[in-house]
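Chains A and P supply the protein sequences, listed in that same order.
For what it's worth, the working numbering labels the leading residue of the first sequence as 76, then goes sequentially.
For what it's worth, the working numbering labels the leading residue of the second sequence as -16, then goes sequentially.
Calculated from the structure, these hints are not laboratory results.
Even glycine gets a Cβ: it sits at the ideal position worked out from N, Cα and C.
Keep in mind that the hints are not guaranteed to be accurate.
Below, a sample of chain A positions facing chain P; criterion: calculated Cβ distance under 8 Å [unchecked claim]:
1) R161
2) S174
3) S178
4) E191
5) I194
6) H229
7) R300
8) S405
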Amino acid sequence: MIAVTKPVLKITDLRVENLTGAVLVDNVSFELRPGEVLGLIGESGAGKSTIGLAAMVYARAGCSITGGSVEIEGLDSRKADAEGRRELRGRHIAYVAQSAAASFNPAHTILEQVCEMPIQHGLMSKAEAEAWAIELFRALDLPDPDKFGSRYPHQVSGGQLQRAMAAMAISCRPKILVFDEPTTALDVTTQIEVLALIKKLIREYNTAALYITHDLAVVAQVADRIMVLRGGKEIEIGTTSDILNKPKTAYAKALVTERKAADKISVETVEKRGPSVLEVSNAVGVYGDFVAVKKASLSVSKSETVAVVGESGSGKSSLARLIVGLLPRSEGSVRFNGVDLPPALKSRTADNLRRIQFIYQQPDVALNPRQTVGDIIGRPVEFYFNRSKPEVAKRVDELLEQVGLPKDYATRLSTALSGGQKQRVSIARALAAEPDLIICDEPTSALDQLVADEILKLLKRLQDDLGVAYLFITHDLGIVRRIAHRTAVMLRGEIIAEGPTERIFSPPFHPYTEKLLASVPELRTDWLEEVLAKREPGGKPKKAKPKV
Amino acid sequence: MLRLITTRVVLGILTLLAVSVLIFAATEILPGDVASAVLGQGATPETLAAFREELGLNRPAYVRYLEWFFGAIQGDFGVAMTNKRDIITSMTPRLENTFFLAGYAALIAVPLSVSLGIIAAINEGKAVDKVANVISLAAISVPEFFIAYLLIIIFAVNLDWFPSLSTVFADMTFAKKLHVTALPAFTLTLLVAAHMLRMTRSSVLSIMSQPYIEMAFLKGLSRTRVVFHHALPNAAAPIIAVIALNLAYLIVGVVVIEVVFVYPGVGQFMVDGVTKRDLPVVQACGLVFAAAFIILNTIADVLGVLVNPRLRKPR
């Protein structure tokens, strides 16, 4: 059926280069037919977004499309002039960006921005466009559709804004939609709603779509075919089930295997816990009137990894800040190796500080760009242990070796390293203080899948060798299943469940844990349909199958 | 929102109070006083004391401050010590002249520089942008009197389009006034336009790299619409702030221009007051200048709140 219809989008030998002549997209070709979804998958720098934008004959500042053709509904749009391209954009092919919060103009109301395309393209009058937008808001289950549009972007939640952006994209009934990581910035429980909606849109309007993402499990739910990209080149293209079940190339295989590992628990449960390192009891943390951490209790033992999971705003990072003293607790206690720690950072001793170290989410901003790797790692050695210069240099070499970096990296600036290497430097810096506990605040979420996997393995190995304990803050349940001995689930500042990971992830669940687990996409094509089918009757999720 | 605006206004008033204290204190700690200035070096201590007694200079400073301040807010700055004339009556016509010239220059400079700034931003890196950049940099760098004399040579001496002296009288017609003061107004325009142009250009440019601008292009909107409808409203706050700063400069910072063109504004009035050590005149001018500065900046702050939906309509 699909084969007989003409392609609405046909890209042939596409080539995109930047000003320095580096090739961002190299010889990529594909076709899209009405109602068909092609997933573009790859790590950062694979050229996914560049292809998505090139499909709209658009290149970001400093880049340009230098070869190939982009045919939209049979017209070679690369030959069109500026006015012709303007006509295509929005009307024939529309774009849904990653961050709705950044892609809506803060100065105008949502309604105005949703109506802008049909009005500016001369398809509707203002009144018609407004009525149509309200209809779309209703179709997309936005609250109070008649009034929703009168709000400004900052006045609605991230999930609602993402749906409003979908409404904006389809406001001219385009034949093709480009989704650029539309759910990446959302929490898992919100992601599932937006995914369902995207599926519904594509089906109802028989739209062709490009779906760009780095998460195989997400793309598996919506795409008919998947193209795996790396370094701007096509690695493999095939039907979704072929890519998931029998990938041909080594790279695609690695991506699939890596993603599958996240679906099952692979950490052994420690029956007997060692001597406790950190004990937090009934700790309360407040920012002004806002209680960020409500009576949290938690303990971490030697050689143990305790994961703190929850969605954005659940208080995970505030709990970490409270433990290290950046957010002085207003109630409760934090005991470290049996000794009570003062609430505020300022009143803690150097030894208190040395024993708890921190690894941050963004290695780019956590390392001083003007210091060499050797300076960064050597500083805690010098500061806490007062060693001589040659001794510090020797220790830096040791640490670099421990985190798997060559010794000569000591003389490099951190800006010359890749994201994964930077995170290794952060780990080495934490280890330099010879801590008992390292707090890891989403240390892998800014990294690509395969790089993140290496970092997790490194953390595990270091724990086996050194006996260091980790408090691991993350929103990614896949990571928890692989490395956390115990898990604490946070919701609105409260720890609602805590225990060995295996027990937390098997019934009886706390209802929220269950919802969280059920929302994490699984690497099979029918997952979303299944989850939605379970909810259909009363709109309420039924009991999910345990996943262990 | 109302709270934000009230805070800004209250802060403005407090700043004005603080400045009034500073002005008074500064004139107070200057060496010498009116008495010694008026009577000269040869005055005997007795005559000085008698003169001070007559002027009320020997009362405690805070009493004189309160008297001065409450007088000032009622429009009474006292009398000039040198000629015994009421300060407010001799200052008002000059103040009117200053506002006239400032308004004249602003009406040319603001629309000109904002639109040129936008044009430069749209054509970033192209010839228009480079020319605007070079000219505005040159205008900022060259001393104001130099620009003034340059304009006089070209437009008054060579072309003879405008007079080189800009003395205005109360009985001049409005058109005549505009003609006479054209050269100082152009000089001021060149001085302040550069600053506003560059600020407009950089604010618009920084907004043009935002994701919502890319989105606007991907919606198939025209460049004009993207710039005016999507970029400009978000760049408004810094542009308003820099406009206010420059308007204030037009009022308080034009002494040199007034001297060059022999224009009877408040700047000259203040300089006269300083040379004659006529402290009440200096204080009055200082306070008026400070008030102009603070009022304009407060207006800019309030407008800045009004153009930002995040502040106007919190969650």
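Return the status of the interface hint for E191/A: holds when the least beta-carbon distance to chain P is below 8 Å, violated otherwise. Nearest chain P Cβ about 6 Å off; hint holds.
Would the hint on R300/A be counted as holding, given a Cβ-Cβ threshold of 8 Å to chain P? 24 Å, violated
For the restraint on S405/A, tell me whether the closest CB of chain P is nearer than 8 Å. 25 Å, violated
Quick check on the hint: S174/A CB to chain P CB, less than 8 Å? 7 Å, holds
Checking hints one by one. Is H229/A an interface residue toward chain P, by the C-beta closer than 8 Å rule? 5 Å, holds
At a threshold of 8 Å, is the proposed contact between I194/A and chain P supported by beta-carbon distances? 10 Å, violated
Per-residue hint verdict: R161/A, partner chain P, C-beta under 8 Å: 5 Å, holds
With chain P as the partner, please determine if S178/A meets the hint condition of a C-beta pair closer than 8 Å. 4 Å, holds
When the structure is compared with the earlier hints, violations turn up for hints 5, 7, 8 and for no others.
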